[in-house]
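Listed here are the chains, written in short residue letters.
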Amino acid sequence: DSGVTQTPKHLITATGQRVTLRCSPRSGDLSVYWYQQSLDQGLQFLIQYYNGEERAKGNILERFSAQQFPDLHSELNLSSLELGDSALYFCASSVEVDLRGVTGELFFGEGSRLTVL
Amino acid sequence: GEDVEQSLFLSVREGDSSVINCTYTDSSSTYLYWYKQEPGAGLQLLTYIFSNMDMKQDQRLTVLLNKKDKHLSLRIADTQTGDSAIYFCAEGGSQGNLIFGKGTKLSVKP
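Going line by line, the protein sequences match chains A and B.
Under the working numbering, the letters of the first sequence match residues 119 to 235, in that order.
Under the working numbering, the letters of the second sequence match residues 11 to 120, in that order.
If you are wondering where the hints come from, they were derived from the structure by calculation, not from laboratory data.
Wrong hints could be hidden among the right ones.
Stated by the list, open to error - Derived pair list, reagent style BS3-like, types lysine-lysine, alpha-carbon separation capped at 30 Å:
id	chain 1	residue 1	chain 2	residue 2
1	B	Lys46	B	Lys119
2	A	Lys175	B	Lys80
3	B	Lys115	A	Lys127
Same shape as in the complex, but just chain A (with noise of 0.2 Å):
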């Protein structure tokens, strides 16, 4: 258990409906991170939040936004779905603000699988 919940994990939807995906990172971790992994494209960095603010941001479609509140838990909001969102999406967090210069241990979720029919 990495201490790192996701919720829902299994979502079933619609093309042109909107989810959201909840993640509650570990006690303690500041940042959180959210990663898209597909069969063709691997895993993608979508965006990070560190203590509420956007800290960096990859490959995030303009129909997808996310946020970080105040109890550090964050959510990832999917709208507009197309068949191609259909992925499993991930939640990591970790203490550290920056993993470039750092032991960046990446704590991971189980993840939510988005399947949009």
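Given the coordinates of chain A, assemble chain B onto it according to the supplied hints.
Frame of chain A; chain B shown alone:
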């Protein structure tokens, strides 16, 4: 741009050694990482190596780093069926996050 590449599949027999290779682009990354993903689970840090090191050994795991060629490898000695998983190579990205390869699926046959 930042990119990490690794082969997608590797199949070995139980008891053999497995070698998973990776190439990366950002030479300024201080640490390089290997993560493991078991079926139905998130990724877990397996080991990491400081960029000033050539080799790191941790029980059955040996990490080799060739900084000149930007090549990283993970050797698993005496591979067991429990080692079957997807192994991800990662480097520190310019924005402070981790950049992952697509993962190498290791299959261990009894």
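Hints versus structure:
1. Pair hint B:Lys46 plus B:Lys119 holds up; C-alpha atoms about 18 Å apart against a cutoff of 30 Å.
2. Restraint check: the Cα-Cα separation between A:Lys175 and B:Lys80 comes to about 25 Å, which is no more than 30 Å; the hinted pair holds.
3. A distance of roughly 23 Å separates the Cα atoms of B:Lys115 and A:Lys127; the hinted pair therefore holds under the 30 Å criterion.
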